[in-house]
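Fit chain F to the known structure of chain U by using the hints.
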Amino acid sequence: MAEAVSIAEALDLLKRGAGPLDAAPTADDAPVAKRAARRARRGIALNLTPMIDVTFLLLVFFVCTTKTLDREELLRTDLSQRGGAVVNPTALALDEPPLRIELLRIDNHTVIKVLAPMSQPDSFEQLTTLFNSKRYSTENPSGLFPSDHPIELAPAKDVPWNDAVSAFNGLVRAGYQQIHFAGPQ
Amino acid sequence: MKSVFARGPARLEAAITPLIDMSMLLIVFFALVSQIGISDFVKMNLPTPAPSAAAPPRNEPRLVMNAITDDKGRVTAWRFSSMDFNCDPKGIASLSAAVAEAVRETPTIEVHLRADANVQFADISPVLEQVGKAATNAVPGHPVKLRLAVQPESKGG
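Here the protein sequences line up with chains U and F, keeping their order. For reference, each letter of the first sequence is one residue, going 1 to 185 in my numbering. For reference, each letter of the second sequence is one residue, going 1 to 157 in my numbering.
Hints are computed from structural coordinates only; laboratory data are not their basis. From a predicted model like this one, the values you see are computed outputs, not experimental measurements. Hints may contain errors.
Unchecked claim - Using 27 Å as the maximum straight-line C-alpha spacing, the simulated BS3-like pairs for lysine-lysine come out as follows:
(1) F:Lys90 <-> F:Lys133
(2) U:Lys113 <-> U:Lys134
(3) F:Lys72 <-> F:Lys43
(4) F:Lys72 <-> F:Lys90
(5) F:Lys133 <-> U:Lys157
(6) F:Lys43 <-> U:Lys157
(7) F:Lys43 <-> F:Lys90
(8) U:Lys157 <-> F:Lys72
(9) U:Lys157 <-> U:Lys113
(10) U:Lys157 <-> F:Lys90
Here chain U stands alone, though its shape is the one from the complex:
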């Protein structure tokens, strides 16, 4: 029994890095024992540094990527409900004739031409204001067109996509819901 106790004690000392009972400490054993004792004091440690490094890298990456994707926004279109972007008068029976707005390119400048007896807007902002004033509603009973009146936006071939989208955007802001692109003249 005593032998078992002494073995257990010896094992305990071994775990702690100390020398055996019967071994007299020598000068060579001293640094080893110190190192073992230091290690025993520290216990089991998790190395967190690389984990934190990687976590921050991922965080930065996600932040950058998310910011890039969030910049874009979307304009809803009504193209398909009219059978495509170009209205084919022989194939479609519209309840009301669409109001046609042409975008022309003159001297490197886009000109808005509304094919209706009304004042012509000089800018996309004016287009919004004009068509907002012409939109029929309970607040504006003198308006000419209901909000679901079809509008055909027909940019010329050389009109930049930015201006075509700006005109489309202006009409959406004016409260119209059925705007579609027509092919270039």
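Relative to chain U, chain F alone:
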């Protein structure tokens, strides 16, 4: 008994296993994300209508058509689902068929159109026309949701 506790010089060992694990994870992650980014979001100057009536994208399934331009600002190809289609009648017909097929599989999917602000409307019009018709005919009675990608001026840079 001294030899029982005698140790050699301390060995410094780097823990390679977690390093490899993380490296592989990062490689897979970056590969996937970069592929999505390249195929869906080609770098370009989107139109900037101001003030914009556009809305932020919703978390819905989407398809993205990108107009690829050359140095002169002319559309040379259309990129859709990591595939490039020529900007000629044959290429646009193939693009329309591809979009129609995708819409047939998922009728509620949104189709996003991304084109540079300086591209001429003549390059966009055939795609609008043919893709719109093909996608609409793909699922009768279920209009395709076409969206125009813009960049809000306030957030532009």
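Comparing the hints with the structure gives:
1. F:Lys90 <-> F:Lys133: holds (16 Å)
2. U:Lys113 <-> U:Lys134: Distance ~16 Å between Lys113 (chain U) and Lys134 (chain U) Cα, so the pair holds.
3. F:Lys72 <-> F:Lys43: Since the Cα atoms of Lys72 (chain F) and Lys43 (chain F) sit roughly 16 Å apart, the hinted pair holds (cutoff 27 Å).
4. F:Lys72 <-> F:Lys90: Given pair Lys72 (chain F), Lys90 (chain F) holds - Cα atoms ~22 Å apart, limit 27 Å.
5. F:Lys133 <-> U:Lys157: Roughly 20 Å separates the two Cα atoms, so the pair holds.
6. F:Lys43 <-> U:Lys157: Answer holds: Lys43 (chain F) to Lys157 (chain U) is near 24 Å, not above 27 Å.
7. F:Lys43 <-> F:Lys90: Holds. Lys43 (chain F) to Lys90 (chain F) sits at ~25 Å (cutoff 27 Å).
8. U:Lys157 <-> F:Lys72: With Cα atoms ~16 Å apart, Lys157 (chain U) and Lys72 (chain F) stay inside 27 Å; holds.
9. U:Lys157 <-> U:Lys113: At roughly 15 Å apart (the allowed maximum being 27 Å), Lys113 (chain U) and Lys157 (chain U) satisfy the hint.
10. U:Lys157 <-> F:Lys90: Status holds; Cα separation ~20 Å.
Of the hints listed earlier, there is not a single one the structure fails to meet.
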